[in-house]
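Turn these sequences into a full structure, and let the hints steer you where they fit.
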Amino acid sequence: MEDEKKIISLLYANPIFSKLGIEDMKKIMNFLELVSYKKGDVIFREGDVGDSVYFIVKGSVGIYKKKNFFGISRDVKLFELRCPEALGELSIFDNFLRSATAVAESDCELLKLTRNSFAEMEKSDHRVAYHITRSILMIVAKRLRKTTEELVKFM
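Numbered according to numbering that gives the first Met the number 0, the sequence shown spans residues 0 to 154.
Some hints could be false.
What the hints assert, rightly or not - Here are the simulated EDC-like pairs of lysine to aspartate or glutamate, each with C-alpha atoms no more than 20 Å apart in a straight line: (1) K145 - D40; (2) K122 - E22; (3) K5 - D106; (4) K38 - E84; (5) K37 - D106.
Claimed, not checked - Simulated restraints on C-beta separations: (6) H125 - G39: 37 to 45 Å; (7) P14 - T147: 22 to 30 Å; (8) E148 - L33: 29 to 37 Å; (9) G70 - H125: 49 to 57 Å; (10) G70 - E22: 53 to 61 Å; (11) F78 - G46: 31 to 39 Å; (12) L77 - K38: 13 to 21 Å; (13) I7 - F153: 41 to 49 Å; (14) R73 - E3: 21 to 29 Å.
It is worth saying that the hints were derived from the structure and are not from the lab.
For glycine and all other residues, C-beta sits at the position ideal for the given N, C-alpha and C.
Listed below in structure tokens is the structure:
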């Protein structure tokens, strides 16, 4: 019961979920797992098979990409994400490998939604699954616009 209250309060604190009613929150809660990471923990690595989206509810996560400089491979920090942002959002829709590494930049709490859980959600409540899909689409659209703006700077 205590975990249920904690997860619902975390959901309400996240704008992705905040417009949903309490009954929808209880439905969503059944599909999410609250996971914690300590500063420096790797959440997932570039090249791993992706199967989950993570919604940040506390802390920050750095996104890193491997780059080769004169034959030496190193991780370059692309950006940092905080609440209410999500990471790994495309992995619930496809079977591609992770395109970057995610590292906890501080102690973090994330809500994890796996591809299988999302498929179950789609079967049990289309409306709630649609809300999640739409929220993820908005995240992807925002990032694509930002990437396009950055790319234009190099042209």
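So, going through the hints one by one against the coordinates:
no.	hint	result
1	K145 - D40	violated, 27 Å
2	K122 - E22	holds, 17 Å
3	K5 - D106	holds, 17 Å
4	K38 - E84	holds, 18 Å
5	K37 - D106	holds, 4 Å
6	H125 - G39: 37 to 45 Å	holds, 40 Å
7	P14 - T147: 22 to 30 Å	holds, 24 Å
8	E148 - L33: 29 to 37 Å	holds, 34 Å
9	G70 - H125: 49 to 57 Å	holds, 51 Å
10	G70 - E22: 53 to 61 Å	holds, 57 Å
11	F78 - G46: 31 to 39 Å	violated, 19 Å
12	L77 - K38: 13 to 21 Å	holds, 19 Å
13	I7 - F153: 41 to 49 Å	holds, 44 Å
14	R73 - E3: 21 to 29 Å	violated, 43 Å
Against the hints set out earlier in the document, violations occur for numbers 1, 11 and 14.
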